[in-house]
Structure formats: C-alpha cells, structure tokens
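Colleague: Residue strings, one per chain:
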Amino acid sequence: MLLDLVYFTALGIMTGGLYGLLGLGLNLIFGVMRVINVSHGEMLTLGAYSAIVMGMTPVTSPWFAIAAAVLVVTVGGFLVARLLLQPLTVDGRVHEQRGLVLTLGLSFVVANLILAIFGPEYQKVPGQLAQGAYTVGDLVLEKQRLVILAASVAIAALLMLFLRYTLTGRAIRAVGENPEAAQACGISVRRIHLLTFALGSTLAGVSGALITPATYAMPAMGFSYTLYAFTVVIIGGLGSMWGALLAGFLLGIAESVSVIWLPSGYNAIVGPILMLAMLIVRPQGLLGRLSVRA
Amino acid sequence: MAANEAPVALEARAVTAGYGGSAVLQGLGVTVRAGSITGVIGPNGAGKSTLLKVLVGYIRPSAGTVHFGGEDITRLPPEERIRCGVAYIAQQRSYFPSQSVADNLRLGAYLVRDAGVRARREAAVLERFPVLAERRHQLAGMLSGGEARMLELGRMLMMAPRLAILDEPSIGLSPRMIDVVYGQVRRLREEGISFLIVEQNVRKLFAVADQVFALDSGRNRLAGSPAALSAEGVLAELYLGPGGA
Amino acid sequence: MKHPATWMFLAVMLAIPLVAPNDFVIHTLCVAMIYAVLAASWDFLFGFGGLVSFGHAGFFGLGAYAAAIVTHKLGLSPWWGPFIGAGAAALLGLLIGLPTLRLRAVFLALATLAFAESLRVVASNWHDVTRGTLGFNAHRTFFRLSGEVHLSYYMLLAACLALVAAIYWIACRTEFGLNLRAIRSDDIRADALGINVVRKKIQAFMVGGLFAGAAGGLYAHYVGLVSPSELGATTTMLVIAMATIGGTGTILGPAAAALIIFVASELLRLAGTVYAQVAIGVLLIAFVLFLPDGVAGWLQRRRRLRLNPQGTTDKP
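Chains as they are written, first to last, in the working numbering: chain A, 140 to 433; chain B, -7 to 237; chain C, 21 to 336.
Next up, chain A with everything else stripped away, as it sits in the complex:
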C-alpha cells in the first residue's frame, strides 16, 4: 500500500508539473488581460499536432518538434490576440463576457479544424524524449516523464524569473496591475497584451509538444487540458504564479493517488470536485489576490 502511495505520488508529481505550466499560462493571460481563455487547451493541441507534423518529416528529433510547436503557437497566439481580442479591449481590459464567449468559439473552431484536417484517430509522434526508466527499489519511473517534469519546472522557473527581474517582465506585471499607470510610464498596453497572450499560449503549446512522445494526441484533447488549467488556476488562486505551480502539483498528486481508492475511471472527477470545493469555500484560491465577489 505504501509503495502504491509513493508510486502514484511520484506519477502525480510528474503530471503535476505539466498542469502547473498550463495554469501559469492561463494565469498570465488572465492576470494581464482579464480574459478567461477557454481556448487555452487548444493551444496545447496546436502544439501537439505541430509536433506530429514535424514527426512526419525526416527530422526525427523531438526537440525540433518542440521548436516547431513554439513557432506555430506563438504566431497563432499573436494573431488571435491582435485580430480577435484587441477589438474587445477597453481601457486595458478585455470585455469579460464577450472574451469568454469568443474564446469559446475559438476553441470550437480550432478543435474542429484539427479534426477536419487530421481526422479523429489517435496520433503519436515517433521517437521519444528519453529511453528507458529509472528503477528505485520496486518503483519504475519512466525517464521520459521525468524529462517532462524537469522541462516543465525549468520553463516555469524561467518564466517567473523573467517576470520578476526583467524590465519587460515587470512591464507585463505593471499592465496587469494598473494599465493606466503603465501607460503613463510610456508602456504600450496593446503591445504588452499581444506579448502576454503569445507567451501564455506558447507555454501551452510547449506542453503539447512535450507530451506527444509520451501520450496520444487527438483533436478533442484540448478541452480536458483547458479544464485542468482552470482547475489549477482556481485552486492556486487567480493571479498567483506560485499558486498555479503549487496547485498543479496538488492536482496531479490528488488525481493520481485517488486511483487507489476510487473505482477506475472516476479519478477524472477529482479535478472538478476540487475546483468546486475551492470555489465554494475559498474562491480566491490558496494564494490568490484578485477580487472574486460579484
């Protein structure tokens, strides 16, 4: 039993890193633009399928696949922000309800476009990030999943450092905190919005490329990841970067460990239940700072 617990916890930590990364991206976008990006998961899907397309070329290194994903999603995110979200932006904030519905429509479009182009079958990228597994006592940990964890944590760390210590990072936080004062400093809120959305989307896209060697991709995959991202953001707290990381791991562990007690298939309910619980008990999340009351 203890072994199971340790194993599932380890597994949960490995998936949790990814959830945290997704939550970070969503939080960034929300914190700065105040838009709930329902199409966040679809950016992951785009990243995943970019990797798959790269996999169809003679280039087999998964790192090139990740580069392709970054390129596609960054450009895509930029275009979405420029063409679709900018018209809805007033006084440095995106119209809350319309942004919600628009990104909903966008997720619909992207998911179905991918379905139309690639078909509904599960697809996979040939090759792996790392072969084999580590064996610790009775525990078998796939190296690939460890690589994904390491990459997620590294990217998250880079992002937090960027936001803390670079002028552009501080400008992004400034726009999120007080767009009017930011403009008074000469910061272009429009450009920061574009950058932020592209950055947040790229985080999702990279996640997509990272997981394709390990799991299958299919057109509808985006939405469940959007759900994970929302759950992480709610549990960690809207606007809190550390909260998103922490919540990512918590969610990953909770979901993974629950397999021990719940009948199979039911562990998918852990996320929604945790989100509901947090919304009812403490809507600002564990570390959140933004106002949540109507």
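Just so you know, not all the hints are guaranteed correct.
Stated by the list, open to error - One side only, chain C facing chain A, incomplete, derived with CB under 8 Å:
| hint | residue |
| --- | --- |
| 1 | 127 |
| 2 | 130 |
| 3 | 260 |
| 4 | 297 |
Stated by the list, open to error - Partial pick of chain B residues on the chain A-facing surface, computed with a CB cut under 8 Å:
| hint | residue |
| --- | --- |
| 5 | 98 |
| 6 | 99 |
| 7 | 100 |
| 8 | 102 |
| 9 | 147 |
| 10 | 151 |
Hint data in this document are derived by calculation from the structure and do not stem from the laboratory.
Glycine is no exception: its CB is placed at the ideal position from the N, C-alpha and C atoms.
Chains B and C: place on chain A using the hints.
Modeller: Structure of chains B and C alone, referenced to chain A:
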C-alpha cells in the same frame, strides 16, 4: 518673459469628448504656457478628469484637437505622448503597489534606453526624495499617502518630462503633506517643467498657479489669474450656481 | 405574438412533414426543436439573470438520464419523462445555486462547468445505473420507432413551442422576469429596491435548469439513447453559440437561431463537409466581434431606428 507671452506648451482646442454616446466635454479649450503652473477647477461633474484623459490620450475626442509644443498630438496614444515629454499622474494610485519602490522608478524610465541616464536620474530622484531612498526595496503598497505621491512624482521625473499633468494631487493628504507636494511642484517649475493641475483644494492651487481655468458642465466658464478669479462672488457663482450662496 | 412572421413560421413548421416527408429532415427538425428549448433556457439564465451557465449540458444531460432511468426503473410511461427531467434539473439548479451565487460571473461559469463535468464522469463510469459510455437505452420511447415519425414531430412541435412560449412568458411578462432584469443590470440597486437578489438568482437557476431538464427528458424519450456525450462540452458550446447568434436577452432569438443553425449544420454534414462545426465557431466569433447583440438585437435596433428616425440619444 511675462506669463502670457511665453510659448504655448500644451493646448486643447474646442474639444468635444465623452463616454459612450454622451458628451462630457463640449467645445472646451485650455492653454498651458511654457514654464507656468496652470490650474483647472470646477464643481464635480464639470469634466476635469475627462479633460485630462483627453490631454494624455486615454480618450479620443470626437471633435477638437490637442497640441503639444505646436504639434498636433490628437491621434497619438498615451505612450507616444509620454515619449514626447508629457507626464501624467492620475488621481488614484498612479504606481504599482505590488512592486518595489526601486522597480516602480525603473518602470518610470521604461522608455529610456541608456542605462547610464537611467542610473543618474534614479540617483537624482532618490536625492530629491530621501524617503524613497530609505524605502527603496520595500513594496510600494506599504507607502503612506504622502510617500506614494512622492513616488509618483519620482516616477514621473525618471522620464525628464517637459510638462506634467496632475489630477488632484492633494487628495487624501494632510495639510502638511499638501504643502510638501506643492513645494516640490514649485521647485520643479523653477527647473523648467510646466504644470497643468486639476484641484479641488482651490486655496492651495491659487497659491502656486499663474493661470486658472474654471470649468462648468463641460464648458469653459472663466479663465484668468488667481487674483482676478478671487474677486468677490465669481467663484461662489461657479460652485453654487447663478444666484450665489 | 401577433406578428405576421410568427404565423408564417407556425404554418411552415406545421406543413413540413406533409411537404417534405423525408424522415431525415423531420428527425433533424425534431432534435433542432429540442435545442431551441435548450437555447431559450440558456438565454433565460444569461440574458435575463446575467448568469453565465457553462454547464448547461449538465441540466440537459441530467434531465435526460433522470427521465430515462427513472421511467425505466419504475416502469412509468415515457410521458412522465420530461417532467421527471425537469424536476431533477431544477433540483440541480438549487444545488448549484446555493453555494455559488455570490461569485463573480466568471467563477460562476466555472462552477457550472465543474458540475457538468462531474456529472459526465459519473455517467461515464457508473455502469450499473447508466451503462457508462455505451449509453442508456432501456427506456421506452414516446412512440414505437417505426411509422410514427409524423406523430413524434407534431408532438415535439407542440411541446417545444409550449416550453419556449413558457420561458418567454416568464421572462418577459411576469414580475419575476422584470426583477431578474433589474438584477442583471444593477444588482446593488435591485437589492436596495427590496428585491431579494440571492433568492431570485437561485430561482432563476432552478427555472432555467427546469426547462433544460424538460428538454433533456424530451430528448431521452424521443431519441431513445442517452450517452455521456450529451453532458459534454460540445452541447454547451453549441447552445451558447446559438444564443449569442440569435441574440441574448430575447428568448425567441436563440430559439430561432438554434433551429436554423442545427438544421444547417446537419445538412452541411450530410453534404459531406467536415467543416460544419468549424463554420459555427467562426460564425460565433464573427457575431461576438461585430454583432454582439445577435440577429434579434440587430433587428430590434433597426426597428427602433425606423420608429425614431432622428435617432435616440445613444448611438446604435
């Protein structure tokens, strides 16, 4: 040079602007001469803050123009006007409480490319406002009202502006702090910065201003030196309506 | 109601089975009508209550499952189905409403989403009761499958018309609806006026859920198969798209849009294009950007301008 012979630094001409469909400002005009402190007063709802937003660029006027140093800047977004030398401190919280004092100042110099220039200006600001030097690494959210105003002024100075627009700088401050703030304003004017100040505290404003514009319901009502406007009854009529007290 | 378009519409709907006896067309229209009720109920929540329901599929699916399972287990006539569905969904509305109503719109939306997702997971995995992803089809349908297509159609037409009319009447003709609209535009002022905001919002959730559940019951006993995908995101997305395009806050706009969009997408699918769903999404985006009030809203504004050619004080 006499006050009304100095070149025009900033000017709004026949501005009509508002929110949604309604026009808050109707054909308003305001002139700030170089090197002067120009005030704007008026009862609540007169459109003072709206005027400032038009001048800084947050709102596009539906009619009329804004000129700075002779150039038409009506089409420019706020960040471009800042680049041209206009500075703005809003009524409330024109800084970033979640970042440190030092980072706030550095954000003020966002458009300054040269690291040397930035460093020199930061040193100058910290010298001018010792309280900020003391609290360099503290979060700006911890500052008191007066200290925050100093931070806003410091942030503004990092851009070495030619003209500063202040929206009710005395709000929420003790009388002593208000004097300190206006003392700084006077000093900065000596150093060559022009000011446009919206104020509710008419007395304090009149003590420093060269020229004052009085607004009412989005239109110009009066304009002149503080002495001329202090004349009996004129201001009472402005604030209390025709028929006086 | 006296509008000539309404009578034309009714006439067309009544005539279709006689004119175009194609079973596929009739079946599509039947499901489309159910979606019309769904869209209308969503608009009731959003356009009148200001409540964004991201989990509307939850009301619908719960209603469908409840209707199917309960009528089957208790051996009831399928005509009980919609009522059972309505009841179950209303209860869900109460359950959701109570803890979440003080939250800002965005958080409420996520809460409803979480509810719907939880229900979907349960439906997918509780094999004993719901038969999991295979879907539940042990219940009786309204009529035996073959030969009574027309009967089903007219029955559904009557039922859905009644339901949409009821939603419309509640929203636009009762004090309850007025209160809701007051809450939607300014809930602080509404509170000051003495309207018990929280209670009204909970009631709104229950009413909106009730109608969605009734639609679910209709669906269950018409189609004969209820599966977890009914509880999924696609249903909710479709409903929100229909309501937005039709014009939120008008009840009839979403209902009409639902009909047209569903039929159009099915026809497109039949014609072989895979891009029908993509088109709906693109349409939704276009509407949010350019016509956020939807078709009904646009029509209303045009009518107001025609009645008042000088234009009102607010710009269109």
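Colleague: Each of the hints needs a verdict: does it hold here or not?
Modeller: Checked hints:
With 8 Å as the threshold, the beta carbon of residue 127 of chain C comes within range of chain A, its nearest partner Cβ sitting at about 6 Å, so the hint holds. Hint on residue 130 of chain C holds. Least Cβ distance to chain A is approximately 6 Å, under the 8 Å limit. Annotation: interface hint on residue 260 of chain C holds; nearest CB of chain A at approximately 6 Å, less than 8 Å. Below 8 Å, beta-carbon pairs count as interface contacts, and residue 297 of chain C has one with chain A at about 4 Å; its hint therefore holds.
Contact between residue 98 of chain B and chain A, as hinted, is supported at the beta carbon level, the nearest pair being about 7 Å apart and thus within 8 Å. For residue 99 of chain B, the interface hint holds, since its Cβ comes within 8 Å of a Cβ in chain A; the closest pair sits about 5 Å apart. With a cut of 8 Å, the hint placing residue 100 of chain B at the interface with chain A holds, because the nearest CB-to-CB distance is about 5 Å. For residue 102 of chain B, the interface hint holds, since its Cβ comes within 8 Å of a Cβ in chain A; the closest pair sits about 5 Å apart.
The beta carbon of residue 147 of chain B comes within 7 Å of a beta carbon in chain A, closer than 8 Å, and the hint placing it at the interface holds. The criterion of a C-beta within 8 Å of any C-beta in chain A is met by residue 151 of chain B, whose closest approach is roughly 7 Å, and the hint holds.
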